[in-house]
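Peer 1: Below are the chains, spelled out letter by letter.
Number of protein chains: 4
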Amino acid sequence: MNQFGRLFQVHIFGESHGDIVGVLVDGMPCGIKVSSEDFQPDLLRRKSGGLGTTPRLEADEIHISSGVFNGYTTGRPILLTFQNQNTHSKDYSTFTTHPRPSHADFVAERKYRGFQDYRGGGAFSGRLTLGLVAAGVLAKKILPDVRFDTKITNLGGETRSEAFEEVLKKAVETKDSVGGIVSIRVSSVPIGLGEPYFDSLESTISHLLFSVGGVKGVEFGVGFSGVGMKGSEFNDRIVDSAGNTATNHNGGINGGISNGNPLELNVFVKPTASIGIPQETFDFQTNRIEPLTITGRHDAAIVLRAQVVLENCVAIALADAVLLNKVYRKDESK
Amino acid sequence: MNQFGRLFQVHIFGESHGDIVGVLVDGMPCGIKVSSEDFQPDLLRRKSGGLGTTPRLEADEIHISSGVFNGYTTGRPILLTFQNQNTHSKDYSTFTTHPRPSHADFVAERKYRGFQDYRGGGAFSGRLTLGLVAAGVLAKKILPDVRFDTKITNLGGETRSEAFEEVLKKAVETKDSVGGIVSIRVSSVPIGLGEPYFDSLESTISHLLFSVGGVKGVEFGVGFSGVGMKGSEFNDRIVDSAGNTATNHNGGINGGISNGNPLELNVFVKPTASIGIPQETFDFQTNRIEPLTITGRHDAAIVLRAQVVLENCVAIALADAVLLNKVYRKDESK
Amino acid sequence: MNQFGRLFQVHIFGESHGDIVGVLVDGMPCGIKVSSEDFQPDLLRRKSGGLGTTPRLEADEIHISSGVFNGYTTGRPILLTFQNQNTHSKDYSTFTTHPRPSHADFVAERKYRGFQDYRGGGAFSGRLTLGLVAAGVLAKKILPDVRFDTKITNLGGETRSEAFEEVLKKAVETKDSVGGIVSIRVSSVPIGLGEPYFDSLESTISHLLFSVGGVKGVEFGVGFSGVGMKGSEFNDRIVDSAGNTATNHNGGINGGISNGNPLELNVFVKPTASIGIPQETFDFQTNRIEPLTITGRHDAAIVLRAQVVLENCVAIALADAVLLNKVYRKDESK
Amino acid sequence: MNQFGRLFQVHIFGESHGDIVGVLVDGMPCGIKVSSEDFQPDLLRRKSGGLGTTPRLEADEIHISSGVFNGYTTGRPILLTFQNQNTHSKDYSTFTTHPRPSHADFVAERKYRGFQDYRGGGAFSGRLTLGLVAAGVLAKKILPDVRFDTKITNLGGETRSEAFEEVLKKAVETKDSVGGIVSIRVSSVPIGLGEPYFDSLESTISHLLFSVGGVKGVEFGVGFSGVGMKGSEFNDRIVDSAGNTATNHNGGINGGISNGNPLELNVFVKPTASIGIPQETFDFQTNRIEPLTITGRHDAAIVLRAQVVLENCVAIALADAVLLNKVYRKDESK
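Residue numbers (my numbering), protein chains in the order written: chain A, 5 to 338; chain B, 5 to 338; chain C, 5 to 338; chain D, 5 to 338.
So here's chain A without its partners, still in its complex pose (with noise of 0.2 Å):
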């Protein structure tokens, strides 16, 4: 049940130290230039590097082996694959039986019964996002007025930006991670995309967010502040014709549709699992809980590298409405 879209249909596979990772998206309409260029910026985006990555670098490069031809879209499904190259398994083989805490292991294991490709977190890692930020930047193309604001707005409980470097050079030295507050703008939406129950804008747009690993909160408009607000205080009232509104605090969405304020989102990524610093857990081996020093290569602060995967999950939320919209919206010339 790896699919995701009523009409932008997106399709996730692959696992992080086996050939490729991966997207399928299907429901693309014909006649849309695409080329592996346009997939740089946001995969850039994506990669590690700075201050609080890992230092496992992957080219990242972008294979189009379906659906595109001479330069533009078919209407065929796009099939975009990357290869997995800088991967060290053997740090993985133990953690099915001493699972790390947060992680998946646990699950895994007790899910798939030692079938799971355990190799680098496989299907649960991080790099599985490479195909949600690829078919995000399809996404985009569908939508060519909208403008993304992303930005973290919280790191490690921090909210000053120009603190943020200090939290993260005090988590990579300390061994630990943090967490943090991705605060997602999309400006110029247009008015009636979703389709409520169940296909509400803030329905879709959680339900890819929370498909990514360590996503634990998402809120729109002012979300879980403005629960001391009286109804007086959080209504936004509409002040013009075209529908603004002199508050935002639903978030530019009432009844699950897009209004055409900000769509205004925050989420919550929480700190990185894996963590230098020694830990405890139970070893189902020797029946008892047993330290636990995790070696592999990993981010201080994950968050940093979720902005565009996050970003993207919301493209493509908003690329199914769209397309959906095209079908259900009433022309305005009756």
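Just to be clear, a hint being listed does not mean it is correct.
All copies of an identical chain are treated as equivalent in the list; a pair is satisfied when it fits inside any one copy or across any two copies.
Claimed, not checked - Straight-line Cα separation of at most 25 Å, DMTMM-like style, residue types lysine to aspartate or glutamate; simulated pairs: (1) 234 with 294; (2) 174 with 149; (3) 179 with 237; (4) 330 with 149; (5) 234 with 166; (6) 330 with 180.
Source of the hints: derived by calculation from the structure; they are not laboratory data.
Since the structure of chain A is provided, determine the placement of chains B, C and D on it from the hints.
Peer 2: The following block gives chains B, C and D in isolation, referenced to the frame of chain A:
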């Protein structure tokens, strides 16, 4: 696109002031005992009557019209309907041109161009959640040993439950409204539910929750409040062979899959958009901002009645995951 | 799994002798005029009354319970139901253990283990086709310029229509039954409908047709009778810029996509399984072959009333393809 | 919309002269032994080489790129691809404006407006059936005790198999082509497969079969040839407690559900559209009918290589039904 579920499929229909609202539930296995009485406890929890709830009182008598024979499910689609009786349709006629702030009036008008049933909020009405509650009752029959513990942990910014009545009283007196946070805890969830990408348990649960009007935030485990924790603090150590963890910051889910610890989540429900206090909003007939007074019957705190709705959304997602697991669970006796 | 359609979604429910049968249609665009009267012509075509049809007479009054407001579709799910009134349930009680030949009695008992509603064939009854007919009426509203020409071209082996009454008379007199071939021709189908793999027009049409009880063969164009033709004979030459072909051996479909020539197909409906002649079949109570006499009310030639059912199945498949085409049709003015 | 299956999901992609063709199979349970060798027998049956098959020879080496680890399925999506090597793309460039009769050239041009990959038939090429064959091999692993018996029972109007070679020889000599009927018999099918409405076994099987290019007819049991039978002749009497019937006119399916008798069906494959004989067809550049000579490499009787493709389509439908049945089969020991 009013359906949700891979196997346990829920299809909502109806309008607030039409003949009926209801739900078609497909994918329910045969041979499960079902009677009208089974629905009463949860329907009662959704009912109005208490302080802060709407004076619109409906009998909410359920009609089981197909899929049940001699008191047991037949394995065929189950149609559950509720008559609408106590309707005051004249209250709503002007909102298509003078849309209520934070309601779906404006987006419905723009999306459906005057064809929407605007009476009582039409298909956007909270009355459609009757179908969710009813479907959830069936879902729970597939989850025999699971226990739900659902409560409001924050009402209008107040977290002490003994002060909730005071908050409500004040909201009613001032003709204003309040929001709140519903906390749901599900214990005895089997290990292994969830199918990532893209049907992580967080994905399917949030998809359903965000389809409920007024929901603006969903978080699992400690959620957003965990942003200041280091990985070494956040990680849940496994302490025994059953997979129990010392803490439950992940809310019972790792890698999108249930880990056997209690499923814990919080849902933010915004303050009821309808308030008795006069407001201002754009009037598309006069083409300027005009005062608006809402005279219909409404809940001062819709979050009160939303509790069972949200709980049953979780039940629906879990039921679907349980059925999928019947196919994909590897037999332990391999 | 009682739903069909990517966008125009049809969901059948009900049992022959339960309270109701009906259909939930989702994905119908808003703003389309609909009234109960619109359904009468097709419902009448399905009605019994003539020679060779069952004496079970039902009012077949349609109830539109949601999704239509002020005479127009709202863009929300449309619930259409029919009361069951003229039911003789005592006729059917023994068939779970002494199953009727060529009926679903045996498989239903084995699949649902006694929980199936066995009265009147339950969910396997031809009465459920009322929902298909009704959904087809809505589907046709999305296909404004298409013309259906549906007729029986073979009844009990007889291909001369003037001799059909004689065939029926003989079947009724002998308490036996006959099958037949329904030929459907749809003209003015737009070019470009169908989405291969896997939604070729032949695929979706046959999927729906084979869901109708008694259908055992579907062929397009010349079908099986073309097996003796050479490629040079079979190939349809295009003769003008509109894509018209000199012959139509392919039945208006190439590569799974409509080519603008009339859609032509034949459907074989087997002889009604219920006959008045005593038969023998295994009795699971006595554990031996026993004589069986079916005393209920039945059609000597169900193919007569099946015509409009099959035609409307085609309409449903076309409506879905038309909606999909709104998304994926490349604008000619590029 | 290139996917089929509720649980065993098959997703076809690729183009005839692109880099690859292949299939993404999702929903395969974990722990099933899979190696490249397993695919060879069925791939070999699809291969060209014999009389009446295309001289385009491809290695058809399968690449398993995800979802298999240490020789067993992981429960994750399985990506299977084949390189395209022996391609002569210049053969096809003029067919967009001078479309081949009975091919998809005309509809592809009208649907995709020049953006389709027209080389070698692009996505309409029979080469895409490699993915179906490969997916069918996986499907068969879920159907351990089932036996397929697939053969051509009619070639170009000839029903005596000993005369088939003569038919082929003549077709090749005259540069013409022939069609045929493939008869598939599946024995030891479990009772209870199929989920009507709308997933009757006939529906899902025909859906897949009609997605294969050239298929123009599907019939179950005696099919169309049973039109002259009376109900008293057609009905299959159950003769023992296992549900065996004296005859099998229904082809092993009643009410859309397998009844334990052999599944029997016939599939009509039209004569190969590509023939060496000069033809006439409309030229959209000169705007008149012009002679057309097809010089590419083709099968004189595509039905020969279609056998295993059609068989594996049936396997895919059965595998999906078997997985669904795991959820919905009522335990006999109730």
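Peer 1: Now tell me, hint by hint, if it's right for this structure.
Peer 2: Hint check results:
In this assembly of identical chains, residue 234 and residue 294 lie within 25 Å of each other by CA distance solely across copies; the values are 21 Å between and 51 Å within a copy. Taking the shortest alpha-carbon separations for residue 174 and residue 149, neither the intra-copy value of 40 Å nor the inter-copy value of 45 Å comes in at or below 25 Å. When the C-alpha separation of residue 179 and residue 237 is checked against a cutoff of 25 Å, the pair qualifies only between copies, where the shortest distance is 13 Å, while the shortest distance within a copy is 44 Å. With identical chains, the CA atoms of residue 330 and residue 149 are at most 25 Å apart both within one copy (16 Å) and between copies (21 Å).
Proximity of residue 234 to residue 166 under the C-alpha cut-off of 25 Å is restricted to the inter-copy arrangement: shortest distance 19 Å between copies versus 34 Å within a copy. For the identical chains of this complex, residue 330 and residue 180 are neighbours neither inside a copy (48 Å) nor across copies (39 Å), given an alpha-carbon limit of 25 Å.
Comparing the model with each earlier hint shows violations of hints 2 and 6; every other hint is respected.
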